[in-house]
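S.K.: Each chain, letter by letter, is given below.
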Amino acid sequence: MNSGIDLEMSFTQGVQNLGLSHELAHLLWIPLPMLLVLVSAVIGVLVTVWLERKISAAAQQRIGPEYAGALGILQPMADGLKLLVKEDIIPARADSVLFTVGPILVLVPVILSWLIVPFGQNLLISNVGIGIFLWIALSSIQPIGLLMSGYSSNNKYSLLGGLRAAAQSISYEIPLALAVLAIVMMSNSLSTVDIVEQQNTAGLLSWNIWRQPVGFIIFWICALAECERLPFDLPEAEEELVAGYQTEYSGMKFALFYLAGYINLVLSALLVSVLYLGGWGFPISIDWFSSLIGLSIDNPIVQIIAASLGIVMTILKAYLLVFLAILLRWTTPRVRIDQLLDLGWKFLLPISLVNLLVTASLKLAFPMTFGG
Amino acid sequence: MNIAYSTELICFLILSAVIVSGSLAVVLLENIVYSAFLLGGVFMAVAGLYLLLNASFVAAAQILVYVGAVNVLILFAIMLVNNKEKLKPIKGLRTRKFISGGVCGGLLILLLRVSITTKWNLPGPTSIGEEATERIGEHLFTDYLLPFELASILLLMAMIGAIVLARRDVSIPAADINDLKNQKSLSDKKVPLLSENSIK
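Chains as they are written, first to last, in my numbering: chain A, 2 to 373; chain B, -3 to 196.
Excised from the complex, chain B in its bound form (with noise of 0.2 Å):
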């Protein structure tokens, strides 16, 4: 066993418990704000499983896209939602609990009987390193250009949703601008978003 090796196997080894760990605390944590912060924890350690098997462009766009984008998003609307309050207690909450332990068990075992029933090509094909970059560019210029095309679709529409939802534009006949029910549609027209209003 080289050295080389040896580092391998502990990196991982310690990313694999840090995501194992870092999932289940994700879920089970009764605090949200920690769920959310530990999310990003366990994307970092998957960049690092990534960075493990010589992908590096993958384990940097994992990064940029899920910790810098997503989590942060989530982490945003957390905090601009009232913490200080309680949730409302939802009813049959422990029956809910086992169910969904239940499910994710039942995928656990389904998985793991996959993972080892399956014959496994060992070792796999040796992995390209730096070449990783244009051959990714290359795959989503010809032959997965429609997907791409259709990712982008998507998220273009994703944007045009987010913009209609934000402007939030009222359009109210000047004669009935002094009626009492429109006095709320004009008050919220325009709450910014970082105002007192919306953060207690």
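Looking at chain A on its own, in the form it has when it is part of the complex (with noise of 0.2 Å):
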């Protein structure tokens, strides 16, 4: 594969063209990415919670927000702006360090797992060798916050509510996890963008989705369930419990919730798309393509055209998944605590394992279309 573009090679040797240290300019490239990765993931959450405003609508017959902006496309904003004045209430007999603390562990660990989410070969923050498996001990931790919250808001909806998101969690991280392993298996590789080339050498044809149909349903299932999405969303089931783990909470920490579930539900949907829906792959395959009309790959138009195609792509695939997810919980039932850890444990967890075994022994059987 061609190397293609290269932001960070081209910042820093532009900063030392002004006269920098190599350390130096390295130390100026590191926030940057990082800035775009907080900003694309916070518009993300602002387009997500549009469409989820006027999918719903749709879905009920309703026409949505409308006012706001053309369409109602800044009724996100609004929504923000009003959680950002709104007063910051912190209950009387609730324990105020943890009650501050649990928001913050629920977002942070989903903002830093965007570190792996690449949108080219060259565009993501950090090629990390153990790719995948960094988001899979990163949303451990979530657990951890939603724990927090629920105990530290004294109140017993919250702390069933905590209990609930901990137990949900816990059970769907490890058919996910497994899901995951039959990937990297195939793709000999943890890193995101070793997985998603391993899947672009036939465009559409080589996607992972077409040999881990079982994987793909697997993990879009525990990823909603990992976003507390309906029909898996019962840490905050409205009727049972309030609002769950967040009854307590106002304003800004409200926000704070609000935002991780939404960041986790696009990342989720990154995440599928790389793993299962060859991440910023072209259906076509773009070497193909550009020997057609007869222009060389490294061609520097060409691959301007391919590297935004490529970010296209990730975000159209992504978005996809989202209007899925959307749909999912405009028209589905929520599932009881119990059906829920039924299926978990009895359903998901023996299936993803019969799948990783069936992996293992068609990579050893095919290893030409398995990844030998």
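FYI, nobody ran anything at the bench for these hints, they're computed from the structure. Predicted, not measured: the structure shown is a model, and the values here were computed from it. Positions of the beta carbon are idealized from the N, C-alpha and C atoms, including for glycine. Mixed in with the good hints there might be a few duds.
A few chain B residues that face chain A, going by a derived Cβ cut-off under 10 Å, partial list only [stated by the list, open to error]:
id, residue
1, Glu26
2, Phe33
3, Ala55
4, Gln58
5, Val61
6, Ile74
7, Pro119
8, Gly120
9, Ser123
10, Ile149
11, Leu152
12, Ile156
A few chain B positions that, by computed beta-carbon distances, are all more than 10 Å from chain A [claimed, not checked]:
id, residue
13, Leu20
14, Ala21
15, Met40
16, Ala41
17, Pro85
18, Gly125
19, Tyr140
20, Pro143
Take each chain as given, in its own frame, and dock them per the hints.
M.R.: Shown next as structure tokens:
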């Protein structure tokens, strides 16, 4: 494969040409992608919230937000502003330290996980070798934040919601990790960039979804459960638990939970597209296409078009999945806690184990198609 | 002193301070919930130390296992226990504290002595960085296969034990079902984990 566009190299070289040392240039570079990802994560959330409102309205034959901007596109901004100026209330008998730290512990791992989401060959913050494993590890910190906020609110609904959230995310993490493991086994690498590259040999046909259909479904179910989306939103089941662990929260602290939930949804959708739908890959192989119109793949114009196409493809795939998640939310009823745990432990876990074993044996039998 | 080295040094100092003060707080705090949460913090700081040593796989595994599983389990256990109830006073608590403090201090002195008298081979072996994952896998399936399998058998035993403990099956002959002493075992046969009876 070609090396693609390397923004970091060009940036550090540009700064060095201004007469600064290499280390200083690197130091100047470090905050830029982080800022970019933070901004893109928040914009992703705003878009998702707007989609959620509009699609839910369509599902219920309403119009939905309409007055804030064209088609109500500024409604999420208005929501955010409202939360920003609301009073920050800490209940009188709550544990104020834990109450404050809880939402932060929920949000930070989610944002950190964006580290590994690739939008192109070199368009990710850090191509760490442990890649996808980092995401699994980071997402296991979240239950602690949920338990913390549930406990410190000093409210029985909050505590129950927090316990439910922790139980849910622990039990769905295992099939999730096993589904990821099958992918990792096929691509011989934990790095997200390698996983995508291995899928982009023959365009649409080489995507992992054809080789891992069961894994795809398991991963999607578990990702929805990890994001606490309906049909798995038991931790905040409003008919039973008021709002679960968020009951006592208001203002910016509530907004942190809200943000974390939606960032997690977008992140999960992005990761599904990276793991199963070929990431930044276009359905038709770019190499083949560029040779068709007689341009070399190293041509700068082809490079720029390929990179922007990659970003567009990643986001498009992710938002198709977000759309699916929103449709699911507004059309399916909620499962009960015992059904949820049964599904996780008695159905998904054995199925994902079998999937892993089948993948391993297929890999031994057909090393060509299953990445020997 | 270049930027990379000084960043590393600052990170190391902060992480060690967090680990030392955090673990002291875990032991010394009266509130066990705080202790449990701080334990999670200490685990995360240890993962940070692994990261500084270029062992990113070990760091992620540390977070996944210790923070994500062990610490959450501890928190679960604590939160399901009635925390309003005061713990029973233990006899001779002061002498116990002195004894355990003495033992810990002795261990500390011993370890310090070992670390000072040992001739460290500096600088140590260069870290293999990203290759570490493959190397760990190789070792686990070749020369460390037996310990690896033994550990998995241990985990399996623990899992079976937990299931047996949690099942609480009672078999009562149909004739004795109305017997007064069997009433209790029938009623507590199925108390769901998150029902009102388990949390007050």
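S.K.: Does each hint fit the structure? Answer for all of them.
M.R.: Status of each hint after checking the structure:
| no. | hint | in the structure |
| --- | --- | --- |
| 1 | Glu26 | violated, 14 Å |
| 2 | Phe33 | holds, 6 Å |
| 3 | Ala55 | holds, 8 Å |
| 4 | Gln58 | holds, 8 Å |
| 5 | Val61 | holds, 9 Å |
| 6 | Ile74 | holds, 9 Å |
| 7 | Pro119 | violated, 21 Å |
| 8 | Gly120 | violated, 20 Å |
| 9 | Ser123 | violated, 12 Å |
| 10 | Ile149 | violated, 17 Å |
| 11 | Leu152 | violated, 14 Å |
| 12 | Ile156 | violated, 15 Å |
| 13 | Leu20 | holds, 18 Å |
| 14 | Ala21 | holds, 13 Å |
| 15 | Met40 | violated, 8 Å |
| 16 | Ala41 | holds, 13 Å |
| 17 | Pro85 | holds, 25 Å |
| 18 | Gly125 | violated, 7 Å |
| 19 | Tyr140 | holds, 20 Å |
| 20 | Pro143 | holds, 21 Å |
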